[in-house]
Amino acid sequence: MQIYLPIAEMPVNVLTILAMGATIGFLSGMFGIGGGFLMTPLLIFLGIPPAVAVGTQSTQVVASSVTGALAHFTRKSIDFKMGGILLIGGVAGSVSGIFLFKLLTRLGQIDLVISLVYVLFLSVIGAMMMVESVRAIHAARGGAVPTRRGGHHSWIHGLPFKMRFRRSKLYISVIPPILVGFFVGTLSAIMGVGGGFIIIPAMIYLLRMPTNVVIGTSFFQIVFVTALTGVLHAVENFAVDIVLGFLLVIGGVVGAQYGVRAAEKLPAEQLRALLAAILLLIGLRLGFDLVTTPDDVYSIVEVAPHR
Amino acid sequence: MIGSLKYSIALALAAALLAAAGAARADQLVTDLSEHQIAIRSNFTGTQILLFGAVEARTPGTRALNRDVVVVVQGPNAPAMVRRKDRVAGIWVNHDSVTYPAAPGYYAIASTRPLEVTMTPETRQALRIGIENVDLGTPEARAIDGTPQVLQPEQENAFWKALIRNRQRERLYANVPGGVTFLGQTLFRATVDIPANVPVGLYTAKVYLFQDGEVIDTISSPLYIDKRGIERFIYRMAHSDPFLYGLLAVLGAAFAGWLASAIMGRP
Chain A
1 MQIYLPIAEM PVNVLTILAM GATIGFLSGM FGIGGGFLMT PLLIFLGIPP AVAVGTQSTQ
61 VVASSVTGAL AHFTRKSIDF KMGGILLIGG VAGSVSGIFL FKLLTRLGQI DLVISLVYVL
121 FLSVIGAMMM VESVRAIHAA RGGAVPTRRG GHHSWIHGLP FKMRFRRSKL YISVIPPILV
181 GFFVGTLSAI MGVGGGFIII PAMIYLLRMP TNVVIGTSFF QIVFVTALTG VLHAVENFAV
241 DIVLGFLLVI GGVVGAQYGV RAAEKLPAEQ LRALLAAILL LIGLRLGFDL VTTPDDVYSI
301 VEVAPHR
Chain B
1 MIGSLKYSIA LALAAALLAA AGAARADQLV TDLSEHQIAI RSNFTGTQIL LFGAVEARTP
61 GTRALNRDVV VVVQGPNAPA MVRRKDRVAG IWVNHDSVTY PAAPGYYAIA STRPLEVTMT
121 PETRQALRIG IENVDLGTPE ARAIDGTPQV LQPEQENAFW KALIRNRQRE RLYANVPGGV
181 TFLGQTLFRA TVDIPANVPV GLYTAKVYLF QDGEVIDTIS SPLYIDKRGI ERFIYRMAHS
241 DPFLYGLLAV LGAAFAGWLA SAIMGRP
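Chains as they are written, first to last, in the numbering used here: chain A, 1 to 307; chain B, 1 to 267.
It is possible that some hints are incorrect.
Think about it this way: if two alpha-carbon atoms lie no more than 30 Å apart in a straight line, the pair counts; the simulated DSS-like pairs of lysine-lysine are [as the list claims (entries may be wrong)]:
1) B/Lys85 - B/Lys161
2) A/Lys76 - A/Lys169
3) A/Lys102 - B/Lys206
4) A/Lys169 - A/Lys265
5) B/Lys85 - A/Lys169
6) A/Lys265 - A/Lys76
7) A/Lys265 - A/Lys162
8) B/Lys161 - B/Lys206
9) B/Lys206 - A/Lys169
The following residues of chain A were derived to be distant from chain B, with all beta-carbon distances above 10 Å [stated by the list, open to error]:
10) Ser58
11) Val62
12) Ile88
13) Leu116
14) Ala140
15) Arg141
16) Pro160
17) Tyr205
18) Pro210
19) Val231
20) Leu232
21) Glu264
22) Ala268
23) Leu290
Covered by chain A, per the in silico footprint, the following chain B stretches (three or more residues, Cβ under 8 Å) [to be verified]:
24) 37-45
25) 67-74
26) 112-124
27) 201-212
28) 237-243
29) 254-261
No wet-lab data here; the hints were simulated from the structure. Keep in mind it's a predicted model, so treat the numbers as computed, not measured. Just so you know, even glycine gets a beta-carbon here, dropped at the ideal spot from N, CA and C.
Pulled out of the complex, with its shape left as it was, chain A reads as follows:
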């Protein structure tokens, strides 16, 4: 069953999109990830213009992160103050990311930059996850517990503008969270992702927040940053396809339900290794496309995207 997407201006198979949404939703429910960094490359492989893929994907991230944030809100595992500070950086990052996106579009290099950033992040995160899950599988077999090095006080404590975050039991400078928020906001605008895969490790290892508030707080700030990114993509690039977004959200919401349930029953470490393999494969594929000689070195670029 085909449906014509009004903004992407192409017909797609409804079932394909729903299945993709459901699969990514399943993985996101299972691993507690937004899934944006899996969905955007898949949409691009499907032939959706990269700008539309990124713009539309941000609406899907809004849906899944609202679900996540509400779950954590009821568990009271959100540090609103820290979330707010991250959000300040996130808003600035999102706005600057959108302008970077526009500039790169005008230069005709946006597709390249999206691919490059994805190759970089997918391979780094895929490799890290792979190493970690293989280590965990080994540890489970051998019975040895992987030890984590205790943190010594870092340069972060020397920074000014300190603030007390009661929920996180922290007294740190607001500069690192603002910078982290800014970085993730920029990535969100360029990659169409929530950025949980950056912000969560940053909160744990850089800001040293307690793990029980990390995920909820990241969901909280992702909701608002991706919402802003979505609106900005619609206003600045006319790149949000509401029909595509709707299909992705439907698939994603349904998939996530099963993902959450499946996560309780299935061997998590093996699945994590599988996810890592998927990330590495997508990264490899994107990287391969960048280095192999294209079939036609000439291509047509839309000049003025339908003003």
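Position chain B relative to chain A; hints supplied.
The following block gives chain B in isolation, referenced to the frame of chain A:
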């Protein structure tokens, strides 16, 4: 008296005109399109337009031997930028570009026989039949950083060929010899494929009648391709009121997320 003289002069003039017309174009075209409007709705996956017509013989008795019909369907002109990728540090990067200010978004030819058989290259050029004979405007070459540059004619030619090749691959430029078929002596029909990725706008379907390699009649009819229904509504709103549109998209997504958690929250 004077009135009747005037009358007879007018009559003679009309007869002379008719005779002249008859000499200039022995035969005349009558054509119509199966539809003058193509609606892009949510189920649009491309379509086919049917053009049918007849050659009205003005000089009965003459047998139409070397008679050909050529149908050209052309879409709205728009700037098209062609970019060449070059290897930079092992990665293929969009490099030089050439922008053609008035490239037709769609250009299809259907003909009874291959164009090379029907007419000389000079005729094709004079009538601007065939995408390679269409004026795309003055090309503008730029380097990777956007600064204007001057290209060698053969380099520029490569860009021009690439534009046509890329559009042909997307089925936006097509040439279908045999796409027009005669049903008997006078009736003919032509089918032209409209792929799903066509640009919207005003199209023209121009029909040429050739006799022995010379054009003896042409007729053109308009064709509108436009989004309709929900497709049109969404597209319009996204462009005329992008802030509201974006807000709706995001709020709708947030609502879906809330709905999911509301359903999930109830065990």
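Evaluation of the provided hints:
1. Using a Cα cut-off of 30 Å, the hinted pair lysine 85 of chain B and lysine 161 of chain B holds, with the two alpha carbons roughly 15 Å apart.
2. A threshold of 30 Å between alpha carbons decides the hint, and for lysine 76 of chain A with lysine 169 of chain A the separation of about 15 Å falls inside it, so the pair holds.
3. Simply put, lysine 102 of chain A and lysine 206 of chain B have alpha-carbon atoms about 39 Å apart, too far for the 30 Å limit, and the pair is violated.
4. Between lysine 169 of chain A and lysine 265 of chain A the CA atoms are separated by roughly 33 Å; this puts the pair beyond 30 Å, and the hint is violated.
5. Distance restraint check for lysine 85 of chain B and lysine 169 of chain A: the Cα-Cα separation of roughly 53 Å exceeds the 30 Å cut-off, and the hinted pair is therefore not satisfied.
6. The hinted pair formed by lysine 265 of chain A and lysine 76 of chain A meets the criterion: a straight-line CA distance of about 26 Å does not exceed 30 Å.
7. Note on lysine 265 of chain A and lysine 162 of chain A: the hinted pairing is violated, with a Cα-Cα distance of about 43 Å set against a maximum of 30 Å.
8. Taken as a hint, the lysine 161 of chain B and lysine 206 of chain B pair is honoured in the structure, with Cα atoms around 24 Å apart against an allowance of 30 Å.
9. Restraint check: the Cα-Cα separation between lysine 206 of chain B and lysine 169 of chain A comes to about 76 Å, which exceeds 30 Å; the hinted pair is violated.
10. Distance check for serine 58 of chain A against chain B: the nearest CB is about 8 Å away, which does not clear 10 Å, and the non-interface claim fails.
11. Listed as a non-interface residue, valine 62 of chain A fails to keep its Cβ farther than 10 Å from every Cβ of chain B; the least gap is roughly 4 Å.
12. The Cβ of isoleucine 88 of chain A sits about 19 Å from the closest Cβ of chain B, beyond the 10 Å cut-off, so the non-interface label holds.
13. Not every Cβ of chain B is farther than 10 Å from the Cβ of leucine 116 of chain A; the closest lies at roughly 8 Å, contradicting the non-interface assignment.
14. Alanine 140 of chain A, annotated as away from the interface, keeps every beta carbon of chain B farther than 10 Å; the closest lies near 30 Å.
15. A cut-off of 10 Å between C-beta atoms confirms that arginine 141 of chain A is not in contact with chain B; the least separation is 34 Å.
16. Annotated as non-interface, proline 160 of chain A keeps its C-beta farther than 10 Å from every C-beta of chain B; the closest such distance is 35 Å.
17. Interface exclusion of tyrosine 205 of chain A from chain B stands, the closest Cβ pair being 28 Å apart, more than 10 Å.
18. At roughly 24 Å, the least C-beta separation between proline 210 of chain A and chain B is larger than 10 Å, which holds for a residue marked as non-interface.
19. Against the 10 Å criterion, valine 231 of chain A falls within the reach of chain B, whose nearest CB is about 4 Å from its own CB.
20. Interface exclusion of leucine 232 of chain A from chain B breaks down, the closest Cβ pair being 7 Å apart, not more than 10 Å.
21. Chain B leaves glutamate 264 of chain A outside its interface by the beta-carbon criterion, the shortest separation being 13 Å against a cut-off of 10 Å.
22. Every CB of chain B lies more than 10 Å from the CB of alanine 268 of chain A, the least distance being 20 Å, so the non-interface label holds.
23. Residue placement check: leucine 290 of chain A does not keep its beta carbon more than 10 Å from all beta carbons of chain B (closest about 5 Å).
24. Evaluation of the coverage hint for the region 37-45 of chain B: fulfilled, as 6 residues show C-beta separations to chain A shorter than 8 Å, against a requirement of three.
25. Figure legend: the region 67-74 of chain B, annotated as covered by chain A; annotation inconsistent (0 residues with Cβ-Cβ distances under 8 Å, at least 3 required).
26. As drawn, the region 112-124 of chain B meets chain A at 0 residues by the rule of a beta-carbon pair under 8 Å; below three, the given contact is violated.
27. Counting residues of the region 201-212 of chain B whose CB lies closer than 8 Å to any CB of chain A gives 0, which falls below the minimum of 3, so the coverage claim is violated.
28. Chain A is given as covering the region 237-243 of chain B, and this holds because 4 residues of the stretch bring a CB closer than 8 Å to a CB of that chain, at least three being needed.
29. With 7 residues carrying a beta carbon less than 8 Å from a beta carbon of chain A, the region 254-261 of chain B meets the three-residue requirement, and the given coverage holds.
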